[in-house]
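> Okay, here's what each chain looks like letter by letter:
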Amino acid sequence: MKLSREEVKHLALLARLGLSEAELERFREQLSNILENFETLQQVDTTDVEPTAHSIALENVLRDDEPAPSLPAEEVLANAPSQEEGHFKVRAVLE
Amino acid sequence: MDLCRLTIHEASELLRHQEISSLELTQAVLDRIREVEGKVRAFVTITEDLALQQAEAADQRIQKGEATPLTGIPALIKDVICTKGVRTTCGSRMLENFVPPYDATVMEKLNACGIVMVGKANMDEFAMGSSTEHSAFFPTHNPWDLSRVPGGSSGGSAVAVAADEAIYALGSDTGGSIRQPAGFCNVAGFKLTYGRVSRYGLVAFASSLDQIGPLTKDATDCALVMNAIIGYEPRDSTSLPYPVPDYTRSLIPDLQGLRLGVPQEYFVSGMQKGVEEVMNSAIAKLEELGAEIDWGVSLPHTPYALAAYYIIAPSEASANLARYDGVKYGFSVQDAESMWDAMEKTKQFGFGPEVKRRIMLGTYALSAGYYDAYYLKAQKVRTLIRQEFDQAFERFDALITPTSPTVPFKIGEKVDDPLQMYLSDVCTLPINIAGIPAISIPAGFADGLPVGMQVIGKPLSEETLLRVAFAYEQATDWHKRRPPI
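For the record, the sequence lines run as chains A and B. According to our numbering, the residues represented by the first sequence are 78 to 172, in order. According to our numbering, the residues represented by the second sequence are 24 to 508, in order.
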């Protein structure tokens, strides 16, 4: 599986991950190499095999809807890079 | 008596009889940290003031006769576990200044036991790596040979226990991150059944694989930490709602009646001769202790576990790490043209190369057109690997393998070759895929470097694995050897 530069750029865009030109080229080579090695998976016969997302058989875990105190807002906001009047401050989403 | 060298059970006895105080024990550990930390660099943060306060509180509690076996015992916590008021970096620039507003469940439990926390342990960034070289801050060095890696990602935790900078440590294991460094540093490390320990407050890497567990100086200490941290907890919806036994009751010094299997697939390609020799003697010792050994077990899907793991884990990571957008907490690039530009730059400069590589790999495996061929295929192979283990455990009480195919490698040897680095987890990652428990214990030495033995069991068979570990320890003294620093 040889990835093209364009494919690597597209992946970075999907992940919203900024990459330098040098990183783009490095990841193109390394990811191509890794994916090529992982093609061995296609040798495994998985006809009629169900996928496993989780190793334990727990389903639809629910809890009682009981009110409980939340963390104090000022403690949560203490780590915020930018805040205003008790809120996280974000950039304009719509320009 | 060199107090920092004590195990939990030895120190706990002395504390209970008030032959030593927690303050003395803690001072001894802090002195040891000052002595060797410059060489090994196991700590991201040393919490000396907190440790001394906690030691004083522990001494008062002991005097009142209200001690538990962990009261007043100095421990190191991997920096992926949230500690209220103490920065939790995950070995990343992204969280370099992050101070959690809450404690992880395991910290609530250990605080209730009267822990003395001496610091936070260095690790591969976001627990992605097998050598601790992917820490954004500095690599950790193996105390058995400072030019070699300690393994990873819980390298700081393993080194601190091996070098007596902590009496015990917590790590996390997604594909071998407790067991492989435990094996490389000559300590015990336990990856418990998935769901046994609450993941609440554990910074997520791959949620279906991550599990917190102990790194200790012996099997008895593992049992004591397990008694404290295991149990159902509603804030983690994958937490198993089962009762918790007293694990110290499983410490039985013989293996009469136990059937142990040795899967051939773990003894091939790339395995060092010295490791194989240690394993052969170790397994012969288990037989002497009364176990019945079958050397010819086969788990034919084992060779596909590596690819399945390195698709599943990065896929989950790419989703989990999308949260680091520079808005709510963590590193944030403010000097940007737009919201998207700020987000992209935050990740570009906040994450290191291995984390970026895995985000890219996971994004690829989950993207339109490749989902079926990669992610879904890997999940189906995951089913086959689990079924194969289930079938083996109909015939065996536990399986025995090396923890790693090699002894600790040189710093710098694999850091630029991701595939070679991934291969160092080849013996440990099938266990996470299957969600089953496995312990690594000191098995012997090859060329003066530690070799770990992995004991694997069916879900919730932790007691059997402790029994094998304990019996082997009683018959050998590998776990008592200390590194020459």
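Simulated from the structure, these hints should not be mistaken for laboratory data. Glycine included, every Cβ here is placed at the ideal spot set by N, Cα and C. A few of these clues could be false.
Stated by the list, open to error - FRET-style restraints, in silico, Cβ to Cβ:
1. B:433 x A:150: 32 to 42 Å
2. A:128 x B:41: 55 to 65 Å
3. B:125 x A:133: 18 to 28 Å
4. A:131 x B:363: 43 to 53 Å
5. A:163 x B:483: 41 to 51 Å
6. B:170 x A:137: 43 to 53 Å
> Confirm or reject each hint.
Each hint, compared with the structure:
no.	hint	verdict
1	B:433 x A:150: 32 to 42 Å	violated, 49 Å
2	A:128 x B:41: 55 to 65 Å	holds, 57 Å
3	B:125 x A:133: 18 to 28 Å	holds, 25 Å
4	A:131 x B:363: 43 to 53 Å	violated, 33 Å
5	A:163 x B:483: 41 to 51 Å	holds, 46 Å
6	B:170 x A:137: 43 to 53 Å	holds, 52 Å
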